[in-house]
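The primary structure of each chain is shown beneath.
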Amino acid sequence: MSSITFLSINLPIVALLPFFGAIFAAWASKINRLASAWVAAFVTILALAFLAPSMALVFAGETLIQSWTWIPAIGLEFAFRLDGLALLFALLILVIGLLVIIYARYYLSKKDSMGRFFAYLLMFMGSMLGIVLSENLIQMVVFWELTSLTSFLLISYWQHRQDARAGARMALVITGGGGLALLAGVLLLGHVVGSYNLTDVLAAGELIRGHDLYLPILVLILIGVFTKSAQFPFHFWLPHAMAAPTPVSAYLHSATMVKAGIFLLARFFPVLSGTPEWTFLVGGAGLITFLLGAYFALFQHDIKGLLAYSTISHLGLITLLFGFGTQLAAVAAIFHIINHATFKASLFMVAGIIDHETGTRDMRRLNGLFKYMPHTAVLAMIAAAAMAGVPLLNGFLSKEMFFDQALTASNASVWAWAIPILVVLAAIFSVAYSLRFIHDVFFNGEPVDLPKTPHEPPRFMKIPVDLLVVICLAVGMIPMFTVAPMLAVAVAGTLQTTPPEYSLAIWHGFNIPLLMSFVALVVGVLVYTMRKRLFAWHESSVAHWDARIIFNAVLGALGTFANNVTRSFDKGSLQNASVWVIATALLAGFIGFTSVSAPLFGDRVLMPVDGVSVLAVAILMIASVLTVAWHRKRLISLVMLGVVGLIISLMFVKFSAPDLALTQLSVEIVTVILLLLALYFLPQTTPKETCDLRVSRDIVIAGLSGVGVTLLAMAVLTRDFAPISEFFLLNSVPGGGGTNVVNVILVDFRGTDTLGEIVVLALAGLGIFAMLQGMKLYAPERDTGGRLWNPDLHPEIMQTLTRLLLPLMIMIAIYIFLRGHNLPGGGFIAGLIAAVALIVQYLSNGIAWTNGRLKVDMHWVIGFGLLIATGTGLVAMGLGYPFMTTAFTYLNWPVVGKFEVASAIAFDLGVFLVVVGATVMSLVELGKLSNESHQAPTEPKLKSQEQPQVQPQAKLEQEAN
Amino acid sequence: MEWLISLAIGVLTASGVYLTLRARTFPVVMGLTLLAYAVNIFLFAMGRLTVGLPAVIDKTAGAVNIANHSDPLPQALVLTAIVIAFGMTAFLIVLALKARGELGNDHVDGLDVDSDNNVTKEVK
Numbered sequence: 001m002s003s004i005t006f007l008s009i010n011l012p013i014v015a016l017l018p019f020f021g022a023i024f025a026a027w028a029s030k031i032n033r034l035a036s037a038w039v040a041a042f043v044t045i046l047a048l049a050f051l052a053p054s055m056a057l058v059f060a061g062e063t064l065i066q067s068w069t070w071i072p073a074i075g076l077e078f079a080f081r082l083d084g085l086a087l088l089f090a091l092l093i094l095v096i097g098l099l100v101i102i103y104a105r106y107y108l109s110k111k112d113s114m115g116r117f118f119a120y121l122l123m124f125m126g127s128m129l130g131i132v133l134s135e136n137l138i139q140m141v142v143f144w145e146l147t148s149l150t151s152f153l154l155i156s157y158w159q160h161r162q163d164a165r166a167g168a169r170m171a172l173v174i175t176g177g178g179g180l181a182l183l184a185g186v187l188l189l190g191h192v193v194g195s196y197n198l199t200d201v202l203a204a205g206e207l208i209r210g211h212d213l214y215l216p217i218l219v220l221i222l223i224g225v226f227t228k229s230a231q232f233p234f235h236f237w238l239p240h241a242m243a244a245p246t247p248v249s250a251y252l253h254s255a256t257m258v259k260a261g262i263f264l265l266a267r268f269f270p271v272l273s274g275t276p277e278w279t280f281l282v283g284g285a286g287l288i289t290f291l292l293g294a295y296f297a298l299f300q301h302d303i304k305g306l307l308a309y310s311t312i313s314h315l316g317l318i319t320l321l322f323g324f325g326t327q328l329a330a331v332a333a334i335f336h337i338i339n340h341a342t343f344k345a346s347l348f349m350v351a352g353i354i355d356h357e358t359g360t361r362d363m364r365r366l367n368g369l370f371k372y373m374p375h376t377a378v379l380a381m382i383a384a385a386a387m388a389g390v391p392l393l394n395g396f397l398s399k400e401m402f403f404d405q406a407l408t409a410s411n412a413s414v415w416a417w418a419i420p421i422l423v424v425l426a427a428i429f430s431v432a433y434s435l436r437f438i439h440d441v442f443f444n445g446e447p448v449d450l451p452k453t454p455h456e457p458p459r460f461m462k463i464p465v466d467l468l469v470v471i472c473l474a475v476g477m478i479p480m481f482t483v484a485p486m487l488a489v490a491v492a493g494t495l496q497t498t499p500p501e502y503s504l505a506i507w508h509g510f511n512i513p514l515l516m517s518f519v520a521l522v523v524g525v526l527v528y529t530m531r532k533r534l535f536a537w538h539e540s541s542v543a544h545w546d547a548r549i550i551f552n553a554v555l556g557a558l559g560t561f562a563n564n565v566t567r568s569f570d571k572g573s574l575q576n577a578s579v580w581v582i583a584t585a586l587l588a589g590f591i592g593f594t595s596v597s598a599p600l601f602g603d604r605v606l607m608p609v610d611g612v613s614v615l616a617v618a619i620l621m622i623a624s625v626l627t628v629a630w631h632r633k634r635l636i637s638l639v640m641l642g643v644v645g646l647i648i649s650l651m652f653v654k655f656s657a658p659d660l661a662l663t664q665l666s667v668e669i670v671t672v673i674l675l676l677l678a679l680y681f682l683p684q685t686t687p688k689e690t691c692d693l694r695v696s697r698d699i700v701i702a703g704l705s706g707v708g709v710t711l712l713a714m715a716v717l718t719r720d721f722a723p724i725s726e727f728f729l730l731n732s733v734p735g736g737g738g739t740n741v742v743n744v745i746l747v748d749f750r751g752t753d754t755l756g757e758i759v760v761l762a763l764a765g766l767g768i769f770a771m772l773q774g775m776k777l778y779a780p781e782r783d784t785g786g787r788l789w790n791p792d793l794h795p796e797i798m799q800t801l802t803r804l805l806l807p808l809m810i811m812i813a814i815y816i817f818l819r820g821h822n823l824p825g826g827g828f829i830a831g832l833i834a835a836v837a838l839i840v841q842y843l844s845n846g847i848a849w850t851n852g853r854l855k856v857d858m859h860w861v862i863g864f865g866l867l868i869a870t871g872t873g874l875v876a877m878g879l880g881y882p883f884m885t886t887a888f889t890y891l892n893w894p895v896v897g898k899f900e901v902a903s904a905i906a907f908d909l910g911v912f913l914v915v916v917g918a919t920v921m922s923l924v925e926l927g928k929l930s931n932e933s934h935q936a937p938t939e940p941k942l943k944s945q946e947q948p949q950v951q952p953q954a955k956l957e958q959e960a961n
Numbered sequence: 001m002e003w004l005i006s007l008a009i010g011v012l013t014a015s016g017v018y019l020t021l022r023a024r025t026f027p028v029v030m031g032l033t034l035l036a037y038a039v040n041i042f043l044f045a046m047g048r049l050t051v052g053l054p055a056v057i058d059k060t061a062g063a064v065n066i067a068n069h070s071d072p073l074p075q076a077l078v079l080t081a082i083v084i085a086f087g088m089t090a091f092l093i094v095l096a097l098k099a100r101g102e103l104g105n106d107h108v109d110g111l112d113v114d115s116d117n118n119v120t121k122e123v124k
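Taken in sequence, the protein lines are chains Y and C. Note that the working numbering has the first sequence beginning at 1, numbered continuously upward. Note that the working numbering has the second sequence beginning at 1, numbered continuously upward.
Take these hints with a grain of salt, some might be off.
Stated by the list, open to error - Covered by chain Y, per the in silico footprint, the following chain C stretches (three or more residues, Cβ under 8 angstroms):
1. 19-26
2. 70-84
3. 88-101
To be verified - Derived EDC-like pairs (lysine to aspartate or glutamate); straight-line CA-CA distance at most 20 angstroms:
4. Y:K452 with Y:E357
5. Y:K452 with Y:D610
6. Y:K571 with C:D109
7. Y:K633 with Y:E781
8. Y:K776 with C:E102
9. Y:K654 with C:E2
10. Y:K111 with Y:E277
11. Y:K371 with Y:D466
12. Y:K30 with Y:D112
13. Y:K688 with C:D109
14. Y:K532 with Y:D302
15. Y:K928 with Y:E781
16. Y:K654 with Y:D603
17. Y:K928 with C:D109
18. Y:K688 with Y:D783
19. Y:K633 with Y:D783
20. Y:K928 with Y:D792
21. C:K59 with Y:E726
Stated by the list, open to error - Have a look at the derived ranges for each label pair, beta carbon to beta carbon:
22. C:L111 with Y:V581: 18 to 28 angstroms
23. C:L103 with Y:I636: 51 to 61 angstroms
24. Y:E796 with C:V51: 42 to 52 angstroms
25. Y:D792 with C:G110: 12 to 22 angstroms
26. C:A67 with Y:F593: 30 to 40 angstroms
27. C:L111 with Y:W68: 53 to 63 angstroms
28. C:G110 with Y:V581: 13 to 23 angstroms
29. C:L111 with Y:F569: 16 to 26 angstroms
To be clear, the hints were calculated from the coordinates, so they are not data collected in a lab. Just so you know, even glycine gets a beta-carbon here, dropped at the ideal spot from N, CA and C.
Modelling step: build the complete structure from the supplied sequences, incorporating the hints.
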């Protein structure tokens with residue numbers, strides 16, 4: 001991709017444009033109710049305009065591929081492809097999408113949110129375009145799942161309706177689940193072929209069909225296809241998805257989304273077809289669906305229900321054609337995709353108009369509408385005739401080809417003679433339900449008890465239907481001058497070879513397919529005339545079979561099962577959950593220890609023990625145990641915790657970790673102050689546990705954990721190892737410009753990690769700030785001994801001393817900061833020291849006094865810190881180096897002499913600021929709280945001394961309520 | 001010496017685990033702090049114990065002798081871990097305060113098991 005031309009980047013733009021358009025559509029609804037419709041239409045036209053220049057190339061027989069590497073290690077590319085098949089679908093999606101947008105603008109009522117509708121619709125459009133234009137299969141699956149998600153949003157658009165929510169959930173479960181199967185299938189396919197690119201996959205048909213994994217691949221991909229395209233046994237979600245607004249049904253459930261599965265069948269046709277498994281699975285599912293859909297369509301009373309089952313039936317027809325596996329059958333299938341999209345979308349729009357103008361979709365009440373809306377009626381009649389396969393309409397042409405193929409297939413095996421008969425049977429029902437749609441709604445007496453007086457819809461609501469019906473007529477009468485070029489190129493794209501000879505003529509002479517059409521038409525009319533008796537029979541025997549009951553039962557059982565599993569572990573108690581976690585860790589550790597045959601300890605030479613160390617560790621252990629033993633007296637326990645922390649920092653001193661010792665020391669101070677502040681608002685003691693069993697159980701668990709960790713630590717410490725730190729030690733000075741390797745690792749080698757860590761710290765600080773906003777806690781007046789807290793909040797000696805100390809401490813912080821790159825120190829430690837210096841001021845002088853002199857908002861300090869740290873990394877990127885690359889140089893200043901400056905120091909400054917900001921903010925916010933609550937009860941001093949016991953308790957209860 | 005350190009880690013872990021399993025927020029926060037200490041020393045010890053050999057390079061000594069320095073990588077990890085542990089402790093203790101403010105007791109599940117009896121005691 002040396003030079004970027006328009007034709008090398010337009011496909012991703014076409015696919016992604018609707019997603020960006022969705023944002024604008026949602027936003028535009030704030031300006032004006034109709035603005036989002038305009039935005040949606042504009043975006044669709046723009047996408048068409050971006051697609052248009054590529055069309056000439058595709059018609060010339062080229063396949064356009066535009067790809068960018070993304071994650072090459074797992075075969076993921078950002079790759080797009082445009083061939084005849086993709087072009088056909090992209091045009092269907094965009095053109096019908098445009099018509100649906102125009103239609104929906106009139107369909108939606110004033111109460112409906114336009115922005116939400118058009119934003120969802122555009123996102124769906126982008127996802128569909130993504131499927132058909134993807135060259136990389138994994139990328140295609142991502143878009144595939146996006147269509148499931150966006151269709152969920154569209155079906156549940158009327159969120160207040162229970163049926164809409166239930167229908168949307170069912171569609172999501174079925175199609176989303178199918179998407180997972182598809183992903184598995186595609187992964188296997190990529191594993192077999194060695195590439196996820198469609199070009200490679202399409203060239204590897206022989207390899208795939210001969211592979212052991214062929215059957216699993218086929219089954220998994222077909223589950224994806226059948227769920228999406230509502231094929232038996234996954235067909236039942238589609239009728240329930242009719243709870244969606246009608247424009248959605250017209251778009252998703254006739255023209256596009258349900259065709260995504262069909263698209264996939266066509267896409268993989270050259271690779272997967274031509275085996276007995278393919279014929280059996282695809283053909284079988286198609287035939288059953290074709291019959292089932294046609295039968296159930298006749299018995300629906302809801303016009304959208306009729307159209308939904310009819311869609312299922314026609315999708316079955318197309319699937320059956322692909323199942324035949326011949327090239328001519330594929331031609332017929334592609335042709336029927338085009339025809340079905342046009343007549344079914346227009347019929348859905350008519351159903352929407354009827355619903356809109358009469359207020360009902362029940363065919364038992366809708367009668368004789370012809371005289372109220374003749375224009376709409378004529379459109380409906382033509383489209384329904386196309387659906388029934390009446391000559392001179394597009395449906396007739398593809399149905400003739402279909403009958404012809406069914407006859408060809410009847411020679412295949414002993415049982416195949418049944419195929420043409422079953423096909424004609426389904427066609428009879430198709431004629432009958434088409435007739436019912438027209439006769440029941442537009443004729444058949446007078447309307448019954450309609451909520452509104454019907455009339456013709458606004459002119460522009462009919463224009464999309466007009467256009468689609470004109471296409472039906474034009475394709476049906478003069479196919480060679482209308483659909484032929486598009487069909488030819490789409491077929492070539494599907495088959496990936498030169499298409500076979502086929503004829504689009506209207507008249508093929510008197511032959512068996514024509515006879516089949518004739519039989520279907522005549523018997524279909526007869527069936528319709530006998531409908532009363534048929535309906536009665538259907539109601540009494542078949543009607544109560546509903547797949548939804550099974551679906552809900554399965555889903556309910558799954559939910560109960562999951563709930564039971566969860567409940568048996570999580571009883572809503574943190575203690576219980578913690579026991580599970582720790583016990584599981586113990587078990588895993590036990591299995592780990594026992595499953596290895598190697599000796600527990602290695603033979604590394606151990607370090608000699610000295611008396612001071614023994615003493616220090618002994619104090620550490622005693623303090624640790626006392627922290628536990630005295631944990632019910634919280635203040636004393638906290639003091640013990642402080643002892644533990646101090647000994648740990650001594651340990652770091654002893655074992656050559658000066659940076660850690662400094663950090664631990666300063667953190668220890670801050671932690672203890674923090675816990676003291678918090679303890680002020682918490683009970684001073686912990687009540688005795690009521691359950692002795694629990695105490696002994698916990699002692700066992702704790703003991704086992706201690707033993708396990710000791711053994712684990714010992715098992716490691718007695719073995720030699722080869723550290724990866726050699727690199728850091730060798731490159732610290734030449735690469736990072738600093739002699740303190742720990743600091744160079746933090747700010748240079750692993751700078752991105754440190755950036756992440758200071759972000760966490762900043763978030764903790766901000767989180768604390770947010771939690772403490774508006775919180776009111778009432779602190780006790782007296783300590784556990786019943787004594788009043790010392791009223792002298794700010795002792796004068798302490799004030800004087802700390803004020804004197806401040807400059808000294810700040811100076812130390814700066815010193816520690818500056819030397820950090822070369823000697824123990826750095827941003828973290830300096831930040832903590834500076835924070836302690838400031839906190840001491842707050843403690844001794846009070847918050848008001850300190851805030852009056854330190855006019856810095858800690859939010860800004862944190863923000864600037866993050867900005868500086870990230871900025872240092874970005875500067876390196878701007879100069880063409882990877883993120884977080886550092887540079888250093890030597891400067892020679894008078895007096896100071898020659899010294900080294902590394903850009904990492906700027907990063908360290910960011911760390912410093914975040915640490916200071918987050919620490920000071922946490923503690924001062926907590927301190928403020930104690931200030932406020934301390935003043936509240938002491939204000940009426942006398943009163944509170946008289947009756948101190950009632951007031952705080954009452955307030956606490958009020959809070960609790 | 002290794003035994004000494006391992007035992008220290010073990011005792012800290014046991015104390016931490018026991019306190020973490022308690023029913024009131026303050027001991028749980030203390031327990032987590034102890035556990036954080038144990039984890040930090042454990043991580044630090046993974047670089048093995050060395051005495052008197054900090055990971056600071058002496059430029060005047062010529063070529064870097066790796067055997068003369070402690071392992072800097074676990075130290076760098078533990079340094080940030082200490083600071084993050086502080087952030088976590090601070091967040092948790094404020095969460096505990098918030099819970100008490102909202103629920104009126106300091107039980108970890110917000111249940112008023114024995115009512116907040118020590119508060120009552122304190123005030124009376």
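Inset, instruction - Take a look at whether the Cβ-Cβ distance between L111 of chain C and F569 of chain Y falls inside 16 to 26 angstroms. - result: holds, 19 angstroms
Legend entry - Coverage criterion applied to the stretch 70-84 of chain C (partner chain Y; beta-carbon cut 8 angstroms; 3 residues): Three-residue rule met by the stretch 70-84 of chain C, so holds; n is 12.
Inset, instruction - Hint says 42 to 52 angstroms; check whether the CB-CB distance for E796 of chain Y and V51 of chain C agrees. - result: holds, 46 angstroms
Legend entry - Hint check for I636 of chain Y and L103 of chain C - Cβ pair distance inside 51 to 61 angstroms: violated, 26 angstroms
Legend entry - Restraint check for K654 of chain Y with E2 of chain C, where alpha carbons must lie at most 20 angstroms apart: Distance ~13 angstroms between K654 of chain Y and E2 of chain C Cα, so the pair holds.
Inset, instruction - Compare the distance between the alpha carbons of K928 of chain Y and D109 of chain C with 20 angstroms, and conclude whether the hinted pair is satisfied. - result: violated, 27 angstroms
Inset, instruction - Measure nothing beyond the straight line between the CA atoms of K452 of chain Y and D610 of chain Y; if it is 20 angstroms or shorter, mark the hint as holding. - result: violated, 98 angstroms
Legend entry - Pair hint K452 of chain Y and E357 of chain Y, alpha-carbon separation not exceeding 20 angstroms: holds, 7 angstroms
Inset, instruction - Measure nothing beyond the straight line between the CA atoms of K30 of chain Y and D112 of chain Y; if it is 20 angstroms or shorter, mark the hint as holding. - result: Holds, because 13 angstroms separates the two Cα atoms, which is no more than 20 angstroms.
Inset, instruction - Starting from K371 of chain Y, check that the Cα of D466 of chain Y is at most 20 angstroms away, please. - result: holds, 19 angstroms
Legend entry - Coverage claim, chain Y over the stretch 88-101 of chain C, checked by counting residues with Cβ within 8 angstroms (three needed): holds (count 12)
Legend entry - Satisfaction of hint between E277 of chain Y and K111 of chain Y, Cα-Cα up to 20 angstroms: Distance ~51 angstroms between K111 of chain Y and E277 of chain Y Cα, so the pair is violated.
In this structure, the hints that do not hold are numbers 5, 10, 16, 17, 23 and 25, in rising order.
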